[in-house]
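Protein chains: 2
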Amino acid sequence: MAKPTRLSGFPELLPSGRVIEQYFLDVARQVFELHGFLSLETRAVEPIDNLQGSGEIAKEIYVLRRMHAAVGEADPGLGLHFDLTVPFARYVLENSAQLEFPLRRYQIQKVWRGERPQEGRFREFTQADIDVVGSGVLAFHHDIEMAVVMSALLAKLPIPPAIIQVNNRKLAEGFYLGLGATDTQRVLRAIDKLDKIGADRVRVLLETEAGLTPEAAAKCIQLASIKTPDASFADQVRALGVQNDLLDEGLSELAAVVTGANSERPGSVVADLRIARGLDYYTGTVYETQLVGFESVGSISSGGRYDNLASDGKQSYPGVGISLGVSRLVSVLIGRGLVSVSRAVPSAVLVAVTDEASRPASELVARQLRDRGISCEVAPSADKFGKQIRFADRRGIPFVWFAAAAKGESPEGDTVKDIRTGDQVPADPTQWAPPLDDLTPRVISTIDTTAVSEESS
Amino acid sequence: MAKPTRLSGFPELLPSGRVIEQYFLDVARQVFELHGFLSLETRAVEPIDNLQGSGEIAKEIYVLRRMHAAVGEADPGLGLHFDLTVPFARYVLENSAQLEFPLRRYQIQKVWRGERPQEGRFREFTQADIDVVGSGVLAFHHDIEMAVVMSALLAKLPIPPAIIQVNNRKLAEGFYLGLGATDTQRVLRAIDKLDKIGADRVRVLLETEAGLTPEAAAKCIQLASIKTPDASFADQVRALGVQNDLLDEGLSELAAVVTGANSERPGSVVADLRIARGLDYYTGTVYETQLVGFESVGSISSGGRYDNLASDGKQSYPGVGISLGVSRLVSVLIGRGLVSVSRAVPSAVLVAVTDEASRPASELVARQLRDRGISCEVAPSADKFGKQIRFADRRGIPFVWFAAAAKGESPEGDTVKDIRTGDQVPADPTQWAPPLDDLTPRVISTIDTTAVSEESS
Chain C
138 MAKPTRLSGF
148 PELLPSGRVI
158 EQYFLDVARQ
168 VFELHGFLSL
178 ETRAVEPIDN
188 LQGSGEIAKE
198 IYVLRRMHAA
208 VGEADPGLGL
218 HFDLTVPFAR
228 YVLENSAQLE
238 FPLRRYQIQK
248 VWRGERPQEG
258 RFREFTQADI
268 DVVGSGVLAF
278 HHDIEMAVVM
288 SALLAKLPIP
298 PAIIQVNNRK
308 LAEGFYLGLG
318 ATDTQRVLRA
328 IDKLDKIGAD
338 RVRVLLETEA
348 GLTPEAAAKC
358 IQLASIKTPD
368 ASFADQVRAL
378 GVQNDLLDEG
388 LSELAAVVTG
398 ANSERPGSVV
408 ADLRIARGLD
418 YYTGTVYETQ
428 LVGFESVGSI
438 SSGGRYDNLA
448 SDGKQSYPGV
458 GISLGVSRLV
468 SVLIGRGLVS
478 VSRAVPSAVL
488 VAVTDEASRP
498 ASELVARQLR
508 DRGISCEVAP
518 SADKFGKQIR
528 FADRRGIPFV
538 WFAAAAKGES
548 PEGDTVKDIR
558 TGDQVPADPT
568 QWAPPLDDLT
578 PRVISTIDTT
588 AVSEESS
Chain B
138 MAKPTRLSGF
148 PELLPSGRVI
158 EQYFLDVARQ
168 VFELHGFLSL
178 ETRAVEPIDN
188 LQGSGEIAKE
198 IYVLRRMHAA
208 VGEADPGLGL
218 HFDLTVPFAR
228 YVLENSAQLE
238 FPLRRYQIQK
248 VWRGERPQEG
258 RFREFTQADI
268 DVVGSGVLAF
278 HHDIEMAVVM
288 SALLAKLPIP
298 PAIIQVNNRK
308 LAEGFYLGLG
318 ATDTQRVLRA
328 IDKLDKIGAD
338 RVRVLLETEA
348 GLTPEAAAKC
358 IQLASIKTPD
368 ASFADQVRAL
378 GVQNDLLDEG
388 LSELAAVVTG
398 ANSERPGSVV
408 ADLRIARGLD
418 YYTGTVYETQ
428 LVGFESVGSI
438 SSGGRYDNLA
448 SDGKQSYPGV
458 GISLGVSRLV
468 SVLIGRGLVS
478 VSRAVPSAVL
488 VAVTDEASRP
498 ASELVARQLR
508 DRGISCEVAP
518 SADKFGKQIR
528 FADRRGIPFV
538 WFAAAAKGES
548 PEGDTVKDIR
558 TGDQVPADPT
568 QWAPPLDDLT
578 PRVISTIDTT
588 AVSEESS
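Residue numbers (the working numbering), protein chains in the order written: chain C, 138 to 594; chain B, 138 to 594.
Certain hints may be false.
Identical chains blur together in the list; that is why a pair holds if it fits in one copy or across any two.
As the list claims (entries may be wrong) - No farther apart than 20 angstroms at their CA atoms in a straight line, the calculated lysine to aspartate or glutamate pairs in the DMTMM-like style are these: (1) K247 - E149; (2) K247 - E261; (3) K247 - E178; (4) K364 - E432; (5) K293 - D508; (6) K247 - D163; (7) K521 - E237.
Just so you know, the hints here were simulated from the structure itself, not pulled from any lab data.
Looking at chain C on its own, in the form it has when it is part of the complex:
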C-alpha cells in the first residue's frame, strides 16, 4: 500500500476527536430516548428515482454500480442517500402495516453529498435526526415538540449558545401569493440566496426570474428581514399590508411554535422570516439553528414539516423532524479548539507485566477489574516498569497496577500507582475503583457556558 493521501470532504477523526464525537452521539441518543423516540436505521442506498424530485439537492447524489457487474446486467439505479428524511419516508411507506402511528423515531447515520467541500461542509457526514410521522394526520403540537427536544439536546452539549430560528413555508408562500407571485418556489429560491449574494442581487432575481414588480420584490426582502424573539413578528408582517389566507395560517402556526417552545424552554427559539431551507419537501414549519458567535459555519440543526413526502397516492404520512449536523458541529469545535478530552483511550488502568511468564497473573488482575466495569489493558511488553509507566502516561491512562503474583508473591501485595501524583497504594482488584472522574474519558469544554445555562435552563 502506498503512503495514502487524504480525500477532501471525507474527514476522519483522530482517537481524541472520536471521543468527542461519540460523546455527542451518546448524549443525542440519551435525550432522544428519554423523549420516547425509538431507534431506526435505513440502508445507505436508495433507488435514484426516490432521491430525485427533492429539489436542488438532486445534482449532488453519488451513484453506485458493481465493479464487475455482468454484461447485460440491468443497472439497478442506486445512489447513496443525501439525508435521512427521504429514506425514512420510504421506510414508512414500505412498512406502514407493521408500524404504530404516530411513529416517533431517531436515526443516527452517515449521509453523502457530492458538494464542494469547505469548513463544516463535507461529502460524508453524520446526522442525528428525530421525526414524528402520523398516518393521515399529525397534530400540530409536534412542530413545537421538535424545537423543544432539539433545544434540550443542545443545552446538554458542551457548545456555544445555540438559537433555533423558525419560519413557516405557508407564511412565506401566502405572502408571495398575496403579492401576486405565480411561481412561489422561484421566489423562495431567490430569497434562500440572501446570505450568499445579498439583497440587491436577490431583488434583481425576484424581478427578472420570478416576475415580481419592484414594489413586490422589495416587500419580499422586507419580509425576510423580520426577526423577533416572540410572536410580535406578526404585527410587522401585517404592517406590510399583504392579505392572504395561507399567510394567515402560516402566521398563526409560527406564532404557536415560537410561543410554545419558548414557554417550555425560554429563549430557545426566535421567529426568523429569512429562513427558507433548500429542500422542496417542506410544507409548513422550517427550522435552522445558529451557533452564537459562529454564524459563518451555517446551520447546525435544521428540519421542518413535510405533509406530502411520504405518500403513495392512497395514504399519506405527514411528518415533522429536525436533524443535528453532528459532523459539522464536532469539526467546528475541534477545529477551533473549543473542546478537548481527558484521554483518548478507554483504559483507566494499565496492568504492568513483570515478565512474559507471569503475563497470566496480570491478565487475571485485568479480568477482575473488568468484571467490575473498570476499563483496563495489560502492558504489551515486559519492559522495565519506568518504560511501562511512560507507556501509560503517553496515552493519558491515569493508573498503573503492579500485580504481586507476577513476582511470585501473594496477591495481597498488589499496588496501584496514580502516575499523575506518584502516589502508590496497596489495592485489591476485587475492591479498588478509580475516582468516578477517571473511570471513562471526559469531554472538556473550554467555552464559558455559564451564560448559556442561565439562558436555556
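Position chain B against the provided structure of chain C, taking the given hints into account.
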C-alpha cells in the same frame, strides 16, 4: 413517491429488530472498551486501488461516481469499503505520526459487498471489529488475546453456544511447501472450497490447477480434516510425515493460541485445520466462528493476523484482528425466532392528556420523569383515557400517568397505572420510578443457554 419495494441484500429492521441489534452493538462496545480498545471510524469510501489486491473480494466492490460530475472531471476512482481492516490499515499509515502503538481500536460500521444475497449474506451489513496494530513489530500474545476478547463478548450475548475455530496460514503454507507445492495460494483457495464442493472435487482442483501429485493432494485434504480442542492436532499433523520450517512455526503458534485461549476461557477455541479464510492479507493465525447448531449460516466472527497489510515500503504495521458479523448474527436470530424484545419503544410511561388546553401540565410531568432518567412520551391526542391506554398497550408501554393538574386539581392527586395488572396508585413524578426491568426495553432469549454458560464461564 410510489409504493416502494425492498432491495434484495439491503435488509432493514423493524423497530423491535433494531432494539436487538442495538443491544448487540452496545454489548460489543462495552466489552471492547473494558478491554481498552478505543473507538475509531473510517470514511465509507476508499480509492479503488487500495481496495483491490486483497484477493478474490475485489470483484464485489461497489464503485461510486457523482451523478452530475462535470464533463471532463477526473473520476476519483472511489469505491465503498468491503471490510474494516483494509481502511483501518490505510488510516494507520496515514496518521501514524499521531498515533500511539501498539494501537488497540474497535470499529463498528457498515460495509458493502456486491455479492449474491442469501441467508445471512448481505450487500450491506454491520461489522464490529477489534484490531491491535504495532509499529514494526507486534507481540504474538495479541493473537491469543483476540480470541479471548471475542469469546468474552460472545458469552455475553443471548446466542447459541459459539466456538472459535483457529488455524494458521504458516502451518498450511509450510505443509504445502513441504509437499512440493509451488503456488500455495492456489492450494489454499482450493482447500477453501471444501465446504462448498466437497473433497473429491477439491482433490481434482489440487491435482489439475495446483499441480500436486495425487498423494500430496490427499495429504492436503487429510490436513484439512484435523480438528482438536487442544494442542494434540500437532501429533496428527506430524503423523502425515511432512517436514518444513514454516510448518513448525505455524504448529507452534497455533498450539499457543489454542492452549492460551482455552486456559483463559475453557472450551472457547478449537484448532480446525480446514479454516482457510478468503482474504489474501492474512499471514499467520486465522479465526472463524461457528454457532453450534447453526453451522449452515457460516462464520459469525472471523479474522486473523496480517503482518504486511499496513506497510508503505519503509515502515510496516503488523496487526491482528477479529470481527463480529453483527447483521448476520442478528438476522439469523430474528429469522429463526430465537430472540425477542419486551417492547420496541424506549418509553416506560405514557403521560395521558386530558384536553389540548392542559397539554403543558402533562408535558411538565414528562419533563420531571425525564430529568430522573425515565423515558416517556406524552399522548399525541386528548382521546378518551381508554383509547390512550390502548395506545400504550399496542406499543408495550407498561405505565400510563394521569396528571391531576391537567384536570385543574393539585398535583398531589397524580396517579400511575400499570396497564398489565390494572393497578393504579398515587405517584409523584419527582419520586416515582418503574421497576428496573421496565425501565428500558429488554432483549429476551428463547434459547436455553444453561449449557452455554457452564461451558464458557
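Tell me the numbers of any earlier hints that the structure contravenes, in ascending order. The structure breaks none of the hints.
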